[in-house]
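J.: Make the full structure from the sequences, and use the hints.
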Amino acid sequence: MDSSDPSDLGIVVRDVWRHFGAVPALSGMSLSAPYGQVTALVGPNGAGKTTLLLVLASLLRPDRGEVRVAGLDPHHDPAGVRSRMGWMPDTFGLYEQLTVREYLRFFADAYRLGRAGQDDRVAELLTLIHLTEFAYQPVHVLSRGQKQRLALARALIHRPRVLLLDEPASGLDPRSRVELRDILRGLAADGAAVLVSSHILTELEEIADRIVLVSKGRTVGEHTMADLAAQAASRYRIRATDPAALATALGGQGVPVQHSANGAGTEVGPLTEDQAADLLAGLVHSGVRVVAFEPLGSNLESVYLEMTEERR
Amino acid sequence: MTPRGVWLVARQEFRIRLRTGRWRWLLGAWVLVVGAITMLLDLSLETGYAFGTDVRARGVPLFGFLMLFVLGMVLVISPALTSQSVNGDRERGTLATLQVTRLGPLEITLGKLLAAWGVGLVALALTLPFAGYAVGQGGITAARVAAVYAVVAILIGVVCAVSQALSSLLARSITSAMLSYLAVAALSVGTLVMFGLVAPLITEQRTSTADGIPYTYEVTRVDRVWWMLAPNPFVVVADSAPHLPRRVTGSGDVVIIDDYDPLSAIGNEVRRTRIPPRDEPINYDGEDPLPAVWPYGLAFNVLLGIGAVAITATRLRTPSRRLARGVRIA
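Going down the list, the sequences are from chains A and B. Counting in our numbering, the first sequence runs from 1 upward without gaps. Counting in our numbering, the second sequence runs from 1 upward without gaps.
Hints are computed from structural coordinates only; laboratory data are not their basis. C-beta: ideal position from N, C-alpha, C; glycine also. Incorrect hints may have been included.
Which chain A residues stay away from chain B? Per the calculated CB distances, all over 12 Å, these [unchecked claim]:
| id | residue |
| --- | --- |
| 1 | L128 |
| 2 | G171 |
| 3 | H199 |
| 4 | A226 |
| 5 | V284 |
If you want the footprint, here are the derived chain B segments under chain A, 3+ residues with CB under 8 Å [stated by the list, open to error]:
| id | region |
| --- | --- |
| 6 | 142 to 153 |
| 7 | 195 to 205 |
T.: In structure tokens form, the structure reads like this:
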């Protein structure tokens, strides 16, 4: 799967199993997350994403399998893992009665950060999450997006090398999502290994470098974003000045035409990016005056549907 | 486990408790209730017990009854202090975020326990002025006040610890609260009921002779089950109260003043259960001391508290292997 040096990997999971009673949550899941990149963990509800994050967060013991977080085994060295790992659960788990600053200072203490740098670290994080003006406000006055950023700041307080985020983008407005993206990209750029889970692939389209697709407790695919986009077969809508010429040319190319000629244009596909590029070149070569050639829908969405479809 | 970690959790819990709920009102109501009880007790003793020029000291029964009442009340309050300690935090999702920090399970357990215990001790401390008033009515020694308060303080901690352990074992805080109250009821009422119910099982027939004629009679061997009463919090508090010096008055004919002392009365009654029945009468009132029951009861309760702390700490250890049904770890 990943041929890079293991020391470059913030997270390694190999053949991990976990049952809750008779219900299997993880059935041989494997994945890795390199430092300096954002890895997305994507799968439908019940695929085992939260369970895997609990295992990585040193809260849950797997039945079997190998787990390394920042190079350490959470079972044998939980303290070592905890000082290098930050975890944000899908329920934020904030103390509503504290002020924002008190909240972060408490966790700075809980992570045994020295008193000396604490104020600076808290101020730095408040700037990062844009909550400086709320420092002395109680947590319960914050909006959902603000609470979510505060939970992120808590996970970051001890400068973890590995960051685990469970459904961070769910329920966020577009602006908050952009801010989250910027923060996570910044952390990855600083060298952290970031693992983000979601059941909506497109949520992570702009955040992630790599995507791990999971379904029913197993890994069904591990791809870089670039590979995925290239592989993804998508439908295209083509418009030309002369629809009749376009139809003829398409017939000559042997391309499956989905349905043709309403006012919007002709839909073809599914085509991979390579096939699409070839088709466009062919059309232009045969003298069709193409004015629009656009992919329909998200590439990733169709990959996701395809991958999860296979496993049904 | 570091004291710093325990203190950090305790301070945090205490701060959150202080900011939720209407503590001022609750504690105010508590003071009013204890004050009203003190006043009513005092009035009833003034008219019925030490009337007019009676030399008996009203402080002895006043302090005794007041402390039994305070004990009963703190036994009612204490389970509520920790019955949500663990499962409530699980529901709110704040427990797991604590567990992924450098704080260990014992630090979290003890910190939360100390905060709850602290609230219980504040409630206990608020009764001190009324105990002081009772002491002012005469007859009570400083040693008795100190001992009774120390034992009640320990028992508050024990009940908090047991309730906390139940909260770590059960997923729903309503269930754990109910079971904590059952545990307190088992200790304070259940022990008495059991003691009464086993009586037929320990009753034996004995034969003796009177004027050469043999006859049989029944003896209930309570000395075999006296330990059933020992864990009772009321027994522990009453029996551990140091005896008061006998007060003597008069010059020629020495008169011993017989203050009515509810704590010693309970204590002596329980101690008598330890004496095996004998055919010949024995002199209870003499100087030969009755064997104490409270050290066993106190030891039992302290061990119960320590065991409860151990259970809670085990339940908070992560990474955890198994989860109780319905427990959501995050």
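J.: None of the hints should be skipped; say for each whether it holds.
T.: Hint-by-hint comparison with the structure:
Even its closest Cβ contact with chain B, about 19 Å, leaves A/L128 beyond 12 Å, as expected for a residue assigned away from the interface. Listed as a non-interface residue, A/G171 keeps its Cβ farther than 12 Å from every Cβ of chain B; the least gap is roughly 15 Å. For A/H199, the requirement that its beta carbon stay farther than 12 Å from each beta carbon of chain B is met, with the minimum near 16 Å. At roughly 33 Å from the closest C-beta of chain B, the C-beta of A/A226 stays outside 12 Å, upholding its exclusion from the interface.
Annotated as non-interface, A/V284 keeps its C-beta farther than 12 Å from every C-beta of chain B; the closest such distance is 55 Å. Evaluation of the coverage hint for the region 142 to 153 of chain B: breached, as 0 residues show C-beta separations to chain A shorter than 8 Å, against a requirement of three. A stretch counts as covered by a chain when three or more of its residues have a beta carbon under 8 Å from one of that chain; for the region 195 to 205 of chain B and chain A the count is 0, and the coverage is violated.
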